[in-house]
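Next come the chains, spelled out residue by residue.
2 protein chains.
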Amino acid sequence: MVRQRGQALWRNAMAIRQMSSAAKQIDLESDLALQAARTWDEGVSSKFSTTSVAELFKGKKVALFGLPGAFTGVCTSSHVPSYINNCDKFKEKGVDSVVCVSVNDPYTMNAWAEKLGAKGKIQFYGDFDGKFHKALGLDHDLTGALLGPRSQRYSMYVEDGKIKVLNVEKVPSDFKVSDAETLLKGI
Amino acid sequence: MVRQRGQALWRNAMAIRQMSSAAKQIDLESDLALQAARTWDEGVSSKFSTTSVAELFKGKKVALFGLPGAFTGVCTSSHVPSYINNCDKFKEKGVDSVVCVSVNDPYTMNAWAEKLGAKGKIQFYGDFDGKFHKALGLDHDLTGALLGPRSQRYSMYVEDGKIKVLNVEKVPSDFKVSDAETLLKGI
Chain C
1 MVRQRGQALW
11 RNAMAIRQMS
21 SAAKQIDLES
31 DLALQAARTW
41 DEGVSSKFST
51 TSVAELFKGK
61 KVALFGLPGA
71 FTGVCTSSHV
81 PSYINNCDKF
91 KEKGVDSVVC
101 VSVNDPYTMN
111 AWAEKLGAKG
121 KIQFYGDFDG
131 KFHKALGLDH
141 DLTGALLGPR
151 SQRYSMYVED
161 GKIKVLNVEK
171 VPSDFKVSDA
181 ETLLKGI
Chain S
1 MVRQRGQALW
11 RNAMAIRQMS
21 SAAKQIDLES
31 DLALQAARTW
41 DEGVSSKFST
51 TSVAELFKGK
61 KVALFGLPGA
71 FTGVCTSSHV
81 PSYINNCDKF
91 KEKGVDSVVC
101 VSVNDPYTMN
111 AWAEKLGAKG
121 KIQFYGDFDG
131 KFHKALGLDH
141 DLTGALLGPR
151 SQRYSMYVED
161 GKIKVLNVEK
171 VPSDFKVSDA
181 ETLLKGI
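Line by line, the protein sequences are chains C and S.
Note that our numbering gives residue 52 to position 52 of the first sequence, counting from 1, and the numbers run on in steps of one.
Note that our numbering gives residue 7 to position 7 of the second sequence, counting from 1, and the numbers run on in steps of one.
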C-alpha cells in the first residue's frame, strides 16, 4: 500500500515535471518543420520538402496528437482510431486540421496511415529527426522498447501557435488523457 | 566530358574509401545485437529482447543485405524482391539464413516484411540505434532524404563472423552490385 502510494506520487511528480518543462507556444518564426507523410516516389518528386510550423499553425486551429511510434501497440489499436472516429466533431468545433505526428520518417508514417485507413481523415506527419518534439520538451527516450529517441504520448489544441490545451500521459504506455474525447472537452 | 570524368573519379574514390573503412569481421565477442522483426505485442511478450551477433553469425553461413529504409523506393521495388526470388539458390549453396537489416525499429520492419510477403523467406532485423552499421563502417547519413542516420545499400556474405564478400553501392540510390545474383556469384 505504501509502495503503491509511493509509485503514484512518483508518477504524479514526473507528470508535473513533464508538463512544466513543455512549451506553451510553438515558435512560428523558428525553422522547425515536420514532414508530410508520403510515398517514397512522392518524396522524390517533392524534392524531400518539409512543412514549416508557420505553414502548419499560423492563423489556424489545430488538434494535434503525438505518440511513440508507427506500427506500435496502443498507437495502432486505440490512439489513432480515437481521432479517426471523432474527426467530424473537431470540424464542428471549427478546428482546421487534425494532425498525427510521430518521430518516424514520412514514408513509414504514410504506410501506417494507409494500413489504418486514416488517409483523408487525419493528416500524418513525421518528425524524423525529433527536433519538433525536443523544441517542445516532449521528447522521450524509448530505447528500452527498441525505439530509441521518440516522444511522449500526448494531445494538444493549438490556436495560431499558442498551445491552449496539452494533455500528456504519465507514461507513453498509458492512454488516459490524450484521447480525442478529452481533447474535445478542452476546446 | 571533363566534368563527367571528374564525377566518376569522385564516385570511385568515395566507393574505395567506403570499402576500405568497412570492417572485414563481425566481432562475435562484442555486445552488438540486432532486433528481430515482430509485432508490438510480440515485442512486449519477448520483453523487448535482442539477438546478439554471436547468435546470428557464430558457426553459420549468412547472406545479409542492408538498405536505407523500410517503405522506401528501391528497397521495396527491387532490393528485397531480388532476395525473395533467389532465397532457394542461397539454400542450395549451403547458406543458413538470408537476412535483411535496416536502421528501423523492429515493428516497422515487421510491417514492411508483411507487406512485401517476405515472411518465412527472409529474416528481417532492425538496427534501431544504428550501432551495428556504425561498428561495421556502413552507416550513412540520409538526412537529405528525410531519413536521418541510416546505412549504405550493400550485401555481404558472412561465414562464422568473417565477411567473405562485401558489395557496397557507390550511392544508396544505386542498385548495381548489392543484388542477390551478384552476391550468389561471390559465394
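Calculated from the structure, these hints are not laboratory results.
You may find that some hints are simply not true.
Claimed, not checked - Pairs of lysine-lysine, DSSO-like flavour, derived with a Cα cap of 27 Å:
(1) LYS47(C) with LYS93(C)
(2) LYS121(S) with LYS61(S)
(3) LYS91(S) with LYS47(C)
(4) LYS91(C) with LYS47(C)
(5) LYS119(C) with LYS91(S)
(6) LYS24(S) with LYS47(S)
(7) LYS170(S) with LYS47(C)
(8) LYS115(S) with LYS121(C)
(9) LYS121(S) with LYS115(C)
(10) LYS131(C) with LYS131(S)
(11) LYS58(C) with LYS115(C)
(12) LYS134(C) with LYS164(S)
What the hints assert, rightly or not - Facing chain S, a subset of chain C residues (Cβ under 8 Å, in silico):
(13) ALA111
(14) LEU146
(15) ASP179
What you are looking at is a predicted structure, and each value in this text was computed from that prediction instead of being measured.
No residue lacks a Cβ here, since even glycine has one placed at the ideal position from N, Cα and C.
Hinted pair LYS170(S) and LYS47(C), Cα distance within 27 Å:
Given that 27 Å is the threshold and the Cα spacing comes to 21 Å, the pair holds.
Is LYS24(S) close enough to LYS47(S), meaning Cα to Cα at most 27 Å?
violated, 32 Å
Just to be careful, I want the Cα atoms of LYS131(C) and LYS131(S) compared with a cutoff of 27 Å; is the pair within it?
Judged against 27 Å, a Cα distance of about 21 Å means the pair holds.
Are the Cα atoms of LYS119(C) and LYS91(S) separated by 27 Å or less?
violated, 41 Å
What's the verdict on LYS91(C) and LYS47(C), does the C-alpha distance respect the 27 Å limit or exceed it?
Status violated; Cα separation ~31 Å.
Any CB of chain S closer than 8 Å to the CB of ALA111(C)?
For ALA111(C), the interface hint holds, since the closest Cβ of chain S sits about 5 Å away, which is under 8 Å.
Does LYS47(C) lie within 27 Å of LYS91(S) when you go C-alpha to C-alpha?
Not OK: LYS91(S) and LYS47(C) at ~41 Å, beyond 27 Å, violated.
Between the alpha carbons of LYS47(C) and LYS93(C), is the straight-line distance 27 Å or under?
violated, 35 Å
Would the pair LYS134(C) and LYS164(S) pass a check requiring their Cα atoms to be no farther apart than 27 Å?
violated, 42 Å
Is the interface hint for ASP179(C) satisfied, with its Cβ closer than 8 Å to some Cβ of chain S?
violated, 19 Å
Has the given pair, LYS121(S) with LYS115(C), been kept, meaning a C-alpha gap of at most 27 Å?
Holds, at about 23 Å.
Hinted pair LYS115(S) and LYS121(C), Cα distance within 27 Å:
holds, 23 Å
Checked against the numbered hints listed earlier, the structure breaks hints 1, 3, 4, 5, 6, 11, 12 and 15; every other hint is satisfied.
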